[in-house]
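With the sequences and hints as input, model every part of the structure.
Top line first, the protein sequences correspond to chains A and B.
Note that our numbering gives residue 1009 to position 336 of the first sequence, counting from 1, and the numbers run on in steps of one.
Note that our numbering gives residue 191 to position 75 of the second sequence, counting from 1, and the numbers run on in steps of one.
Treat the hints loosely; a few may be bogus.
These stretches of chain A come out as covered by chain B in the derived footprint (C-beta under 8 Å, 3 or more residues) [stated by the list, open to error]: (1) 775 to 783; (2) 914 to 924; (3) 945 to 955.
If you are wondering where the hints come from, they were derived from the structure by calculation, not from laboratory data.
Note that the coordinates shown come from a computational prediction; the quantities given were computed from them, not determined experimentally.
All residues carry an ideal CB built from backbone N, CA and C; glycine is no exception.
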Amino acid sequence: MPISAGGPRRVIALVGNPNSGKTTLFNALTGAHQQVGNWPGVTVERREGRLRLDSGRELMLVDLPGVYSLLGGGGLDQDIARQYVQSGAADGIVQVVDVGNLQRHLLLTHELLELGGPLLLVLNMMDEARARGQLPDLDALRQRLGGIVVLPIVARRGEGLAELRHALEEDFPRADAHLPPLYPPAIQDILSVLRAGTGDLGPLDRLRTLEGLAAVPPEHEQGFREAREAIVDKTGEDAADALAAARFAWAEETASAALPAVSDALPRDTWTQRLDRWILHPAAGLPIFLLVLYALLVSSFNAGAIFQDFFEDSSKALFVHGLGHVLLAAGLPDWSVQALAGGLGGGVSIVLSFVPPIAFTFLFLAALEDSGYLARAAFTMDRFFRRLGLPGTAMVPMVIGFGCNVPAIMATRTVEDPRARVITALMQPFMSCSARLAVYLAFAAVFFRGYGGQVVFALYLTGILAALVTAWLLRRGPLRGADRPLALELPPYRWPGLRSVVLHAWQRLRVFVLRVGKVIAVLGAVLLLLPGIGWVDGGLRGTDIDHSLLAQGSRALTVVFAPMGIGEEQWPAVAGLVAGAMVKEVVIGVMNGIYQRQESADLMAAYREPAIGAELRAAVLTIPAHGREFLKNLTDPLGFANIGDTAASAAAAGADHATLRGLAAGFTDLSAFAYLLFVLLYLPCASTFAALRRELGSRWAWFSMVYSLALAWLLAGSVYQLGTFDRHPSQSLLWLVMVLTVVLVFWWWWRRPGHIAMAETHILGRGPGS
Amino acid sequence: MTQISPSLVTLGRATQGSPVEICAIQTSPQERRRLLGLGLRLGSVAHICQGPNAQGVVLQIGSVRIALGRPWLEVIAVRQRPCPAAPTLAEKRV
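Right under this line is the structure:
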């Protein structure tokens, strides 16, 4: 598994248990010089970073997924870590150990010593050990570990990092001949015989096979059978229990040689224990969790909104109007200026407008992760989500999804089980994001006065229901499989380290801007181009919106929306849906543009005479204005308070009077509700699609696209047809029979065993037998 | 109630606040390995910090706190140990 192309640069892998502070150390050593990607073929995050040492030499550090053991029980993360350390791709391994849990972390050390490669042990969180009066005897520990380098550090504060950097200058040693035996003599002898007969297997693979965690290769069946029988004869236990007991005994002896004796009694009351009494309480835990998520929502989206207009307006001034002016001055034709400035520049502007809320979400999430609370939240919610075959960790992304689906999909990384992670990510596009609320508000202002709140609430609930039904279907289709009951370590509560939180959030944000942004920019060039150009006088030219490709295409598409009561005269609403496939925020914006009949607007004026200075000044002024709104909105993060007040609703949605009049003339209450249902459920927006593609791969992203579009069309059409059944019973009956047939065919196709194998092999990144 | 042997009870029947010894774990090798990684193995002595209840149970082994979901309550058998004597006032002041 090569790390990077070419060069004699040494590669060092960081290995450690979850919560050992491994990633904090990685961040402290590499700073911003990191690359985040996926391990080949799977969706587990792969982080590597450059470390320049004092001598000027450069190292490549690879941050392996946190694992308790390399042998079994840990899923995809563990497979990756094991394959990597066995491959010999790293020139040395640094194991990060929480000195407060030395004995347990030494179990992983035992496995690494088994491999026999260069190993350096870093004892992290020495400050906490100091405070407890539990400082280890480093010389005794080195001796017990065969003379390998053992360094004390506090990664969060940077203590001991200079010594670590110094130690990394040279190749660090392997355990020498003085390493005490890793197993009791009886077992050691059996393992030596087995090793001699199975030299083609890696040391860890051999142990996994012996312990029944991997299939026995046919050519070695006899050797493993004899070894297992010999272990039972010698110890009276099966191989797995005997080897585990031997490792625990070794870890216990090694830890007790290095640490003062610790009482077996429950330690005295600590802050962690006192807080957990409330946070994990069966009754109080849930409201506390909801309160924390409310704070996440408010801080992420309301605080993000303070800067959102600044990012959007200033980037529009520079990348749309400014770029358009330069291109026009360079003599490019109108349509290409529209394409490059309005399309690509507009796409960049949209990406940047997402940066503030997403950055705040990532900051808040990283702080929660560092604090130790997320593990508690998973435990609190587990009993509710278990019914759907999902772990409690699935709740966090769903709540974030109410603000924006993109960070919600990225937050599914906190879900450990790969099946559950795919399901949780595919649920996110149904969570009603803030962009969809703008469309609801505009329609509520016209059609649902007096009961707008109930309609919007019903739409939110429908979204949640669609997400839950999707989870249920996936569990009974391609993602069938046994649930993994929750078992997790609850780390002690800690104040999040600022540097670590910022770096963690920055890495995630960079991935969003660079990878998701590319897709948005390209789609932007297509979708923002369509309203500005049309086939006029035998060629593509800049034109008014009525004669644009968008108008021509939307009129043709209205036939598809006929079952939900939308006729050709409502093509602007269809155009809104087409543009909304790019980003849901523009649905109302596009309708505004169309209903105003932009015939009098000069589309190129903003490029000919841009007022960039004034636009930038105005953009800056939005920050204090939105800051005041932030304080006002603390009690209403989703903006429901505007519903019921027509003017306020329209203003919040950004709809002008022409749009409201246009909607009132074209829709009935029922067709408006069907349209809103469609807006809620149809295609994930371009950025959500890009996030799904990145996190789950293209197959699941396209599945989400087709599935949500079909669900939206069938459900919205059925609501309208049922509501107008008495007007055209035969037509409605035909529709309903068609829907039923589609559902039955889908159900048959969905549960075919071939799909399950396909999901196992291609999507989850593992073979059906593993 | 799943009574495994006269002296053993399932974890779901153990009492909060008491130390227990893990005596049997009836699950797949992979899941046993997962528990081993967390420090939970046959013979471990754990303190029950919270539960057992509808959520599951929170155990403390040494200084490590482990949360186990409800399905574990019926597959782990434990033997209850007598509670250690409460710390004296002088010990509390230390």
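Outcome of the hint check:
1. For the region 775 to 783 of chain A, the stated coverage by chain B is satisfied: 3 residues place a CB nearer than 8 Å to a CB of that chain, which reaches the threshold of 3.
2. For the region 914 to 924 of chain A, the assignment as covered by chain B holds, since 4 residues bring a beta-carbon within under 8 Å of that chain's beta-carbons and 3 suffice.
3. For the region 945 to 955 of chain A, the proposed coverage by chain B is satisfied: 7 residues have a C-beta within less than 8 Å of a C-beta in that chain, meeting the threshold of three.
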